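Going down the list, the protein sequences come from chains R and S. Start counting at 1 in the first sequence, then tack on 418, and there's your number in my numbering. Start counting at 1 in the second sequence, then tack on 70, and there's your number in my numbering.
Errors might be hidden in some of the hints.
As the list claims (entries may be wrong) - Chain S side only, calculated, beta carbon under 10 Å to chain R, not exhaustive:
#, residue
1, P500
2, E529
3, H531
4, G538
5, I561
6, D563
7, Y569
8, W570
9, C593
10, A594
Said to hold, decoys possible - Just some of the chain S residues that point at chain R, by a computed CB distance under 10 Å:
#, residue
11, A449
12, G459
13, I463
14, V467
15, P468
16, E475
17, P483
18, A498
19, L504
20, D505
21, R535
22, E537
23, G564
24, R568
It should be emphasised that the hints constitute simulated quantities derived from the structure, not laboratory data. Bear in mind the structure is a predicted one, so any value in this text is a computation, not a measurement. Ideal Cβ placement from N, Cα and C applies to all residues, glycine included.
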Amino acid sequence: MPHTDPASLPTAAFADVAALSAQRSARWRPGLAAQQGPALHSELFASSREGGGAAAALAFALDDIRHVPRAEGSEARDRRSVLWVQTREAARRVGRPYRAGLPHALQGRVIHVLAEKAEDALFALEEGLRCRDFAFVLGEIAGNPGALDFTASRRLTLAGERHGVPLFLVRLDAARDLSSARMRWEIASAPSPAPRWNPQAPGAPRWRADLFRARALAPGEWVLGEGGDGLEAQRPARAADHDGGDTAASWTAGLRQRPPPRRA
Amino acid sequence: MSGASAASTAPRRILSIWLPSLAIDRWRLVMGEQARALVDAPLVLISDTAHGPRIEAVTQIAAAAGAQRGMMLADARTLCPAIATAPSDPAGDLAFLEQLALWAQRWGPWSALDAPDGLLVDVTAVPHLFGGETLLLEDVREAFARRRLAVRMAIAPTAGAAWALAHHAPDGTIVEHHDDIERALSDLPVAALRLDQDVVTVLRRLGLKRLGDITTIGRDALQRRFRNRKSPAANPLIRRDQLLGRVPEPLLPVIAQQVPLVQRRLMEPIRHRQLLDQVVADLAQDMARELEGQGQGARRLELGLWRVDGEVIVRRLEMAAATRDPAHMLRLFAARLDDIEAGFGIEMVRLRASWAEPLALAQGDIESAAEDHGTSLAACIDRLTVRLGAQAISRPVPFASHIPERAQRWRKPLEPEPSSQGQLAFHARPLKLLDSAEKIAVLYATPDGYPQRFRWRGEVHEVVRVEGPERIAPEWWRERSGARLRDYYRIEDGQGRRYWIYRQGIIGDGRGGAPDWYLQGLCA
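Looking at chain R on its own, in the form it has when it is part of the complex:
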């Protein structure tokens, strides 16, 4: 590769680099899909002792659908089906989707696939990503099966990006192994706000979401919840102090703070 003198480069190149840097230090926020398009491949790590993983995945997916600009001539409301793939082990641990408890927009749109093995689940996920009639694909895989290696996740990323179908893969009780997912989240349930009429009762669901690795976004932590008009995110009190503003300095913060990998 020939050596080039930086002075000979047009100033536009530097401007691009600056823009890129600014873009990289951008933070995730609800409704980001309006500018960047939907997140096409996200992984959500969650415990199998709670329903938070799939619930947060649905919340992210619905938020993206709400904010992605609709193409000319498409329907006002997205009525496409949703593919929900579970391995049998995942279904045993966290149960199967229950229609009456699904978000209202998704009731009657879920197509469920129960796969015996992780290989079959990956096949189903890939077929779902290739199908233009799915609004998004949601997978639930328990543990760290051998079939789900970097190659497999790269296949999923490429299939999703080629056909533009978002994939949300919930990893139950899994260690953070290699993956090509564009956004990787750690999800846990968080105490819910008190409802207005019965302070004794559990309120609207909330989750503590830790974005520990993302391709073009700075990592960070949020408390997510469904508000009146879509997904709402607040910075937790603990995360605010080490932030130091939206600078690229915090780019590696997520890596340094990485918790030791959990064993399933």
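Take the given structure of chain R and dock chain S to it, following the hints.
Okay, now just chain S, sitting in the frame of chain R:
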């Protein structure tokens, strides 16, 4: 063979194949070398009865020596002491005949057993594939000769006539029209009516020996004579009407319409997967053209592979929605051809759409970009079904029940949703329901206080917030009287994890002791 067929213009064509010495031929095939040693001996096949061995089948030589079917072996031995015997195997013969019936579908899309030793094949609209009915019969004769089976055949517009001609007329008789049947059959013996032996005896005693004789006396007279006989096999008039096609023959089901069918007869038997894929691709193209001509799409496809040694391998596919895309069919079949045993080779391949639905013609995609556009929902579900099985893909539909796990059923993904009453959204429901509710140990204030702490899957959860109870009574019209009510609670623990738990029963309800607690669902 029905009123429907009588209305249609072209008569049906039924090929009747009679294997007069099926048992003997099969015994020779099975025995091989041993049979060749006995080729000149008078051989009979016997079965053991309460009165000693009885003869079930005889070779020509044994028949010339005086042995007959149904004779006792001891009687035959007195006529011909040199008689050789072998055990008969009627069950094996029937299984063999079943295989033959399947194999005989190479001459027509539909065949039936005519136990114990015959086959019926519906060859309507098929003979032109073989160059005419005479050549079709030649083909049948050659194929059976290759398998060393003796046959007699006939083709007629009704099954009864074809049977009668095959058994009692010169071999290879063809009757063209309904009107010709009566003339062609008038010289046959009355046994050609497929009657019980005692009825045949009665007719013979009445002096009615040939079918033509029956028309000489009035129909009324026969009607009176057999007025109490309702079964076709005991009533010569019913049989005769069936034979002439005036009465439907319940032996044969009606095939209302010709199913789309394409086939390739191969010059050389193929043994390799690559060639088979090519043939299946060609067939898929043909099938797509055929379906397009009829304005239909296939829901179920059957791929039949006829092997040289007489085996038939069948692979079935069922599609989620009607399709006639050859690439899609090919892709689905490719997954099902891996375990084909080609044996000595496959000589004929046939693709048949046994269930087709109307599918309107649609304009193809003009843009080449449509390639990148991804598959349709139906195609995706077909692929998943082929790989994972039909029961793996489903969708939840509501069902009218109060019991939460009963209120949702799993149905096929593309079935229209059954109509149901709108759900009352008084109570929140969990996002996930466990396959079966898991028992938990709960600390609570009896008899019906809030849960305070519980242990699930080996971990203790402190209950911080509770909503409930939501009482769901057992469905008394369905369940046994001992079923207990359920009190559901929506709870949140110290870490914010939300669950749906219930207490089954209540102390003092007279339906058991202390109530159990279960965790049934995970909330969002």
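### Query
Which hints, by number, does the structure contradict?
none
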